[in-house]
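Student: These are the residues of each chain, in order.
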Amino acid sequence: MFQAQPRSPRPGLSQELAKDRLGVPSVLFFVLAGVAPLTVAAGVIPTAYQITGLTGIPAAFVAIAVILGLFAVGYVAMTRHITNSGAFYAFISRGIGRIVGVGAALVALLSYSFLQVGLYGAFGPNAASEAAAHLGLHAAWWVWALGAWAVITVLGLLRVDITGWVLGVLLTAEIAVILAETVSGLLHPHGGQLSFGTLSPADLTSAGVGTFGVLAVVAVLGFVGFEQAPVLAEEAKRARRTIPTATYVALGVIAVVYAGAAWAMAAHAGQSHVVAAAGQEGPGLLFGLGGGFLSNAAQLLFLTSLFAAALAFHNVVWRYIYALGREHVLPAVLGRTGGNNIPKAASLVQSATGLAVIVAFAAGGWPPMTDLFFWLGTTGGFGILLLLALTSIAVVAFFTRDGQGESLWSRRIAPALAAVLLTLIVVLAVQNYATLLGVPAGNAASWILPASYGLVFVAGVAWGALLRSRRPQLFAAIGLGAYAATGQLAPAVVETAQ
Amino acid sequence: MTRLTGTGRIADDLYLIAHHEVNGRPFLQPRAIGLGLAGALLAELTLPGLIRVWPEAIVVTGRSARPADGLTRGIVARLIAEPQRHPARDWLAFLARTATSDVAGRLVRSGYLTQGWSRRPWRGERWVPVDADCAFAPFYRAGGALDPAKQPTVSGTALAGLAQACGLGSRLAQFGPAGALRHLDETVRQLNPDLRELIAQTQAAVDSAVLSHRV
Chain A
308 MFQAQPRSPR PGLSQELAKD RLGVPSVLFF VLAGVAPLTV AAGVIPTAYQ
358 ITGLTGIPAA FVAIAVILGL FAVGYVAMTR HITNSGAFYA FISRGIGRIV
408 GVGAALVALL SYSFLQVGLY GAFGPNAASE AAAHLGLHAA WWVWALGAWA
458 VITVLGLLRV DITGWVLGVL LTAEIAVILA ETVSGLLHPH GGQLSFGTLS
508 PADLTSAGVG TFGVLAVVAV LGFVGFEQAP VLAEEAKRAR RTIPTATYVA
558 LGVIAVVYAG AAWAMAAHAG QSHVVAAAGQ EGPGLLFGLG GGFLSNAAQL
608 LFLTSLFAAA LAFHNVVWRY IYALGREHVL PAVLGRTGGN NIPKAASLVQ
658 SATGLAVIVA FAAGGWPPMT DLFFWLGTTG GFGILLLLAL TSIAVVAFFT
708 RDGQGESLWS RRIAPALAAV LLTLIVVLAV QNYATLLGVP AGNAASWILP
758 ASYGLVFVAG VAWGALLRSR RPQLFAAIGL GAYAATGQLA PAVVETAQ
Chain B
32 MTRLTGTGRI ADDLYLIAHH EVNGRPFLQP RAIGLGLAGA LLAELTLPGL
82 IRVWPEAIVV TGRSARPADG LTRGIVARLI AEPQRHPARD WLAFLARTAT
132 SDVAGRLVRS GYLTQGWSRR PWRGERWVPV DADCAFAPFY RAGGALDPAK
182 QPTVSGTALA GLAQACGLGS RLAQFGPAGA LRHLDETVRQ LNPDLRELIA
232 QTQAAVDSAV LSHRV
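Residue numbers (the numbering used here), protein chains in the order written: chain A, 308 to 805; chain B, 32 to 246.
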């Protein structure tokens, strides 16, 4: 799969540089921290059972892991030839063209923004109920959501990242708790008999083939974050190996953890009762699988996981805004840094979006967990699905012009298969968006939310076309990210260690 | 004007711009300062034509001429000793690891910095300017590149360009007229290709570090 590299002794400079660079565990931690497993296991999965009324979620995680595995083959192959921290739109710019790339950049921005603000909708009510139960503090969900928003805004402006080891400890604890809850749930199945029904492929199309589109969006939402490894390509010890390995391991870990947890919830509550139980218990569907101590630990970690995920996505969003500002696709002021190299303007834009959305949901009295967290979260997941499909097409197009020494499997077969499957899922998801949101067919939200991507995509394409005719020099630098300043293509990653 | 007006070396000047004139605290993240100073050290060698800078390599051209100071002499020796060519960004990353302490050491030897101690013991030692006024001298040298009414010098423009590249644009702007940074962009465009490349590579390395969250 990997192209053979001539091995040459590279003493001195290269070896000394490699000492400071990241290995697979560091990249994996970075990726999984953004994935925030407990946010999905306790937040997304129970809410998805409740709202969609579908039980094939465990099987969907396995199926989507396979499809994303296919996608990743071409994705990491292209990472070896293009390095840009704003991965998706850079790939699409280079593969399909810069005009489509600008459209994709705005789609990516909207997707990650939906994902980020959606997390406040889960943090608010869960922090409120925890504080009421344990601290005797009673406040509305939006008070807690605004509290988290304020802390994230300040951390964004001070550029204080939660340090690697704190995230590492939290992440390890999250995965340990999910696995413990899973084992406990599977050991105490409903009716004393363990059912494998929800893992069966038949459950993927239980209510017709459209079911799979809905389940796939939920599963993709769970996997969001796995695509972030190439961000660290320039920091990786052996980028040609480190990034692919971290991506595949992340996919495998996520698939096992989520499919297991979703299966355990259905097995514990009973396949025919899990939808109703999810409606009554919410995140408690996961917490209830284990004993008292485990449950308390899980509830606390759920909050830290939501917060860490909100911070991680805040970082992803400003990174996109900043990169696009540097390329002058967005106003140049967004691509500037203040003191301490902090991209204040880019960070503040996302904070302003978060504030507006929290205030709107609070003022409108809309339910935060279902409408803010799940609706916007799944719509963010749907946006990522669109980008995955477009990126697969871009990978095929990129390597069609020049194979770059990649194998037929990684440059043509796997990405083409992924493109067909992902496009099919997009079509199914659009047709069944009402089921995804748990609303009657024809409900305004079921077309407004997916259509928002069409709108920003068209706006981006129009803007890209305008840039091409009016400012060709800026247009030429689209997709170069940090390398927009040099006007040269971002360098292909090189193996720096021996 | 005080007795000390700076060494006039680009990296020394950039160090002084990047740190507080009284307490010596940095205005940037450590890695960004390191990359900026690495670019500045290479600029000191580019100015007299000792090296050429391309994206894919940095090559020593004036082997007979030797830089006067030990720090840049060491860099030339390292460039010559390296058995194979490395892209400019690798050299920047490599030099950035030690550039801050190297340049601070050179400023100490020249009498511009002295050792101070942080009030918080775990922060360890810090270098503070001997004379707060002399720490402003670099702004005068960079000023020509910021103000259309002044005549820019090549080294002043390289200094201002590198300062902006590593994230000191807003600090420079305080010392120039309105539109100073726009004027700087235009002045930098008139530099020779090697210095332009060096500034662009430094900018890309800093941006890349900001974007990958590893500043």
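No lab work stands behind these hints: they were computed from the structure.
It cannot be assumed that every hint is accurate.
[As the list claims (entries may be wrong)] Output of the computed footprint for chain A on chain B, the stretches with three or more beta carbons under 8 angstroms from beta carbons of chain A: (1) 57-63; (2) 75-86; (3) 129-139; (4) 228-238.
[As the list claims (entries may be wrong)] Below, a sample of chain B positions facing chain A; criterion: calculated Cβ distance under 7 angstroms: (5) Thr38; (6) Ile111; (7) Glu113; (8) Gly198; (9) Val241.
[What the hints assert, rightly or not] To spell it out: a stretch of chain A is covered by chain B in this simulated footprint if at least three of its residues, at any positions, have a beta carbon under 8 angstroms from a beta carbon of chain B; those stretches are: (10) 533-547; (11) 623-633; (12) 639-651.
Keep in mind it's a predicted model, so treat the numbers as computed, not measured.
C-beta: ideal position from N, C-alpha, C; glycine also.
Student: If a hint holds in the structure, say so; if it does not, say that too.
Tutor: Here is how each hint holds up against the structure:
1. Closer than 8 angstroms: that is the beta-carbon criterion, and the stretch 57-63 of chain B has 4 residues meeting it against chain A, so the requirement of 3 holds.
2. For the stretch 75-86 of chain B, the stated coverage by chain A is violated: 1 residues have a C-beta nearer than 8 angstroms to a C-beta of that chain, whereas at least 3 were required.
3. Closer than 8 angstroms: that is the beta-carbon criterion, and the stretch 129-139 of chain B has 0 residues meeting it against chain A, so the requirement of 3 is violated.
4. Only residues whose C-beta sits within less than 8 angstroms of a C-beta in chain A count toward coverage, and the stretch 228-238 of chain B has 8 of them, enough to reach three; the restraint holds.
5. Below 7 angstroms, beta-carbon pairs count as interface contacts, and Thr38 (chain B) has none with chain A, the closest being about 25 angstroms; its hint is therefore violated.
6. A distance limit of 7 angstroms between C-beta atoms decides the matter here; for Ile111 (chain B) the minimum to chain A is near 12 angstroms, and the interface restraint is violated.
7. Checking Glu113 (chain B) against chain A: minimum C-beta separation of about 6 angstroms stays under 7 angstroms; hint holds.
8. Interface restraint check: Gly198 (chain B) against chain A, minimum CB-CB distance 4 angstroms, threshold 7 angstroms, status holds.
9. The beta carbon of Val241 (chain B) comes within 5 angstroms of a beta carbon in chain A, closer than 7 angstroms, and the hint placing it at the interface holds.
10. Here's how the stretch 533-547 of chain A fares: 4 of its residues keep a CB closer than 8 angstroms to some CB of chain B, so the rule of at least three is met and the hint holds.
11. Only residues whose C-beta sits within less than 8 angstroms of a C-beta in chain B count toward coverage, and the stretch 623-633 of chain A has 4 of them, enough to reach three; the restraint holds.
12. Requiring three or more residues with a Cβ within less than 8 angstroms of a Cβ of chain B, the coverage given for the stretch 639-651 of chain A holds, as 7 such residues are present.
Checked against the numbered hints given earlier, this structure breaks hints 2, 3, 5 and 6; the rest are met.
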